[in-house]
Each structure stands twice: as C-alpha cells, then as structure tokens.
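Engineer: Mapping the sequence shown onto the working numbering, position 74 (from 1) lands on 80, and the numbers just tick up by one.
Treat the hints with care, as some may be off.
[To be verified] The calculated DSSO-like cross-link candidates involving lysine-lysine, where the alpha carbons are at most 27 Å apart (straight line), are:
#1 LYS101 - LYS188
#2 LYS183 - LYS73
#3 LYS98 - LYS215
#4 LYS183 - LYS215
#5 LYS98 - LYS188
#6 LYS43 - LYS186
#7 LYS32 - LYS101
#8 LYS32 - LYS188
#9 LYS215 - LYS101
#10 LYS32 - LYS98
#11 LYS183 - LYS40
#12 LYS98 - LYS186
#13 LYS188 - LYS215
#14 LYS215 - LYS186
#15 LYS32 - LYS43
#16 LYS188 - LYS73
[Unchecked claim] Cβ-Cβ distance ranges computed for the label pairs, FRET-style:
#17 LEU61 - LEU184: 30 to 38 Å
#18 LEU184 - VAL66: 37 to 45 Å
#19 LEU47 - VAL113: 27 to 35 Å
#20 ALA128 - PHE80: 37 to 45 Å
Derived from the structure by calculation, the hints contain no laboratory data.
Just so you know, even glycine gets a beta-carbon here, dropped at the ideal spot from N, CA and C.
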Amino acid sequence: MNFEALINYINQTPLIWLILTLGAFKLGIIIYEKCNKHTLLQPIIVAYTIIMSVLFISGVSYEEYFKGVEIIHFFLGPATVALALPLYNNLKYIKSLFIPIMITLIVAGVFSIVIAVILLWALDAQLTTILSMTTKSITAPIAIITSEQIGAIPSLAVGFVIITGVIGALLGTSIFKLLKIKHDTSKGFALGLISHGIGTARAIEISEKAAAFSALAMGLSGIFTAIFLPLIIQFLKG
Numbered sequence: 007m008n009f010e011a012l013i014n015y016i017n018q019t020p021l022i023w024l025i026l027t028l029g030a031f032k033l034g035i036i037i038y039e040k041c042n043k044h045t046l047l048q049p050i051i052v053a054y055t056i057i058m059s060v061l062f063i064s065g066v067s068y069e070e071y072f073k074g075v076e077i078i079h080f081f082l083g084p085a086t087v088a089l090a091l092p093l094y095n096n097l098k099y100i101k102s103l104f105i106p107i108m109i110t111l112i113v114a115g116v117f118s119i120v121i122a123v124i125l126l127w128a129l130d131a132q133l134t135t136i137l138s139m140t141t142k143s144i145t146a147p148i149a150i151i152t153s154e155q156i157g158a159i160p161s162l163a164v165g166f167v168i169i170t171g172v173i174g175a176l177l178g179t180s181i182f183k184l185l186k187i188k189h190d191t192s193k194g195f196a197l198g199l200i201s202h203g204i205g206t207a208r209a210i211e212i213s214e215k216a217a218a219f220s221a222l223a224m225g226l227s228g229i230f231t232a233i234f235l236p237l238i239i240q241f242l243k244g
C-alpha cells in the first residue's frame with residue numbers, strides 16, 4: 007500500500023523527474039571520477055541506467071517523464087550553441103579540410119542510415135520501427151522533429167538515439183585503438199557523426215580539437231538528415 011502511494015505521488019509530481027534526472031547525472035559524474043573515468047561508467051550511462059530503472063519500476067511512460075524534464079530539453083539548444091567556441095578556435099583548420107569533411111559527412115551519413123535500415127528489414131521489423139531507426143545518429147531534439155515528419159515514432163526514435171550514442175561512446179575509444187587512429191580531428195568527427203551529443207561529450211575529454219570536429223559533425227549531420235531524410239522518405243513512399 008505504501009508503495010502504491012509512493013507511485014501515485016511520483017505521477018502527480020512532475021518536478022520529481024527533474025530532480026531525479028539532475029541527481030542521477032550528478033551521481034554519474036561522482037562515480038565516473040571515483041573510478042578513474044572508466045569508459046563503461048560515463049555519467050550519461052549511469053544516469054540513463056538509474057532513470058530507466060525508476061521508470062520501469064514505477065510504470066511511468068516516457069511521455070509522462072518528458073513532461074517533467076521539458077526545461078532540460080529547452081536548454082539543449084543553448085548547450086549545443088555553446089559548442090561553437092571550440093569550433094571558432096579551430097576555424098582555420100576546419101576550412102582547410104572543408105572538402106574531406108563534406109565527403110565524409112555524405113558518405114558516412116548515408117551509409118549509417120542504409121546499413122541500419124537493411125539490418126532491420128532483414129529482421130522483418132515494422133515500417134515505423136525502421137523509420138524510427140533512420141534518425142539514430144542525430145541529436146535528440148532534431149530526431150524528434152524529423153521522426154514526426156517521416157511518420158516514425160518519436161519516443162522510439164529517441165530510444166535509438168540514446169542507444170546509438172551510448173554504444174558509440176563506449177566502443178569509440180577501443181575502435182580508435184584497434185584501427186590505430188591517432189588524429190584527434192578524425193576521432194572527434196567520427197564520434198560527433200555517429201554518436202551526436204553523447205559522442206561529443208566523450209570527444210571533449212580527448213581534446214579541444216576533437217570537441218570542435220565532433221560538434222561540427224553533429225551539427226552538419228543533424229542539418230543534412232533533417233533536410234534530406236524527409237524528402238527521400240516522401241519520394242520512396244510516392
């Protein structure tokens with residue numbers, strides 16, 4: 007009975023989700039630093055684990071949770087704009103690599119979407135699930151808007167965004183070592199292109215140059231996908 011009363015209180019107090027989110031992330035930072043910044047214990051991963059566990063136990067839907075943390079969603083915009091600082095500091099270097107950057111953006115961006123669609127199609131997934139997966143490598147605010155335009159499920163699209171970001175942040179460093187990638191620019195661009203904001207958070211820990219190229223990749227990938235994906239989906243449906 008007490009447990010049911012607690013669940014009812016949580017459902018009727020949206021502010022508690024904001025407190026939970028901020029508290030979970032702060033706890034994640036503490037654990038991350040105490041464990042010598044172990045890759046598997048990044049703050050965002052710890053926070054996701056805590057929040058998802060609480061949502062599962064309480065039976066609260068993502069939509070209800072999102073209403074309580076809309077203020078955080080609002081500040082995603084200013085936070086993304088703040089990434090312009092490392093971009094500005096490395097502007098000359100970025101200009102010198104303009105053509106390679108655009109080629110990588112188009113080829114890698116298209117390949118990332120196509121391979122995901124093929125895998126889900128081979129597994130006989132529903133069309134809405136496949137469409138939701140196409141926005142997996144762009145930041146959450148853009149993914150929500152784009153998924154609505156192409157007929158996907160926004161909450162599922164955000165789920166794929168989170169999973170993709172976490173996997174990229176977890177495996178990125180290991181893959182760089184395996185492939186002997188040493189340039190911070192390459193590491194940063196790859197993380198931002200595939201793992202959006204979560205990858206960019208990881209790139210910031212590598213260096214300012216990696217952060218700059220990760221922010222650039224995240225921004226360009228979001229614009230590229232938001233503009234061309236709805237047009238392509240509409241053409242295919244037509």
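Engineer: So, for every hint listed, does it hold in this structure?
Structural biologist: Now the hints, each set against the structure:
| no. | hint | result |
| --- | --- | --- |
| 1 | LYS101 - LYS188 | holds (21 Å) |
| 2 | LYS183 - LYS73 | violated (41 Å) |
| 3 | LYS98 - LYS215 | holds (12 Å) |
| 4 | LYS183 - LYS215 | holds (18 Å) |
| 5 | LYS98 - LYS188 | holds (21 Å) |
| 6 | LYS43 - LYS186 | holds (21 Å) |
| 7 | LYS32 - LYS101 | violated (37 Å) |
| 8 | LYS32 - LYS188 | violated (31 Å) |
| 9 | LYS215 - LYS101 | holds (13 Å) |
| 10 | LYS32 - LYS98 | violated (36 Å) |
| 11 | LYS183 - LYS40 | holds (24 Å) |
| 12 | LYS98 - LYS186 | holds (26 Å) |
| 13 | LYS188 - LYS215 | holds (13 Å) |
| 14 | LYS215 - LYS186 | holds (18 Å) |
| 15 | LYS32 - LYS43 | holds (14 Å) |
| 16 | LYS188 - LYS73 | violated (42 Å) |
| 17 | LEU61 - LEU184: 30 to 38 Å | holds (35 Å) |
| 18 | LEU184 - VAL66: 37 to 45 Å | holds (40 Å) |
| 19 | LEU47 - VAL113: 27 to 35 Å | holds (33 Å) |
| 20 | ALA128 - PHE80: 37 to 45 Å | holds (39 Å) |
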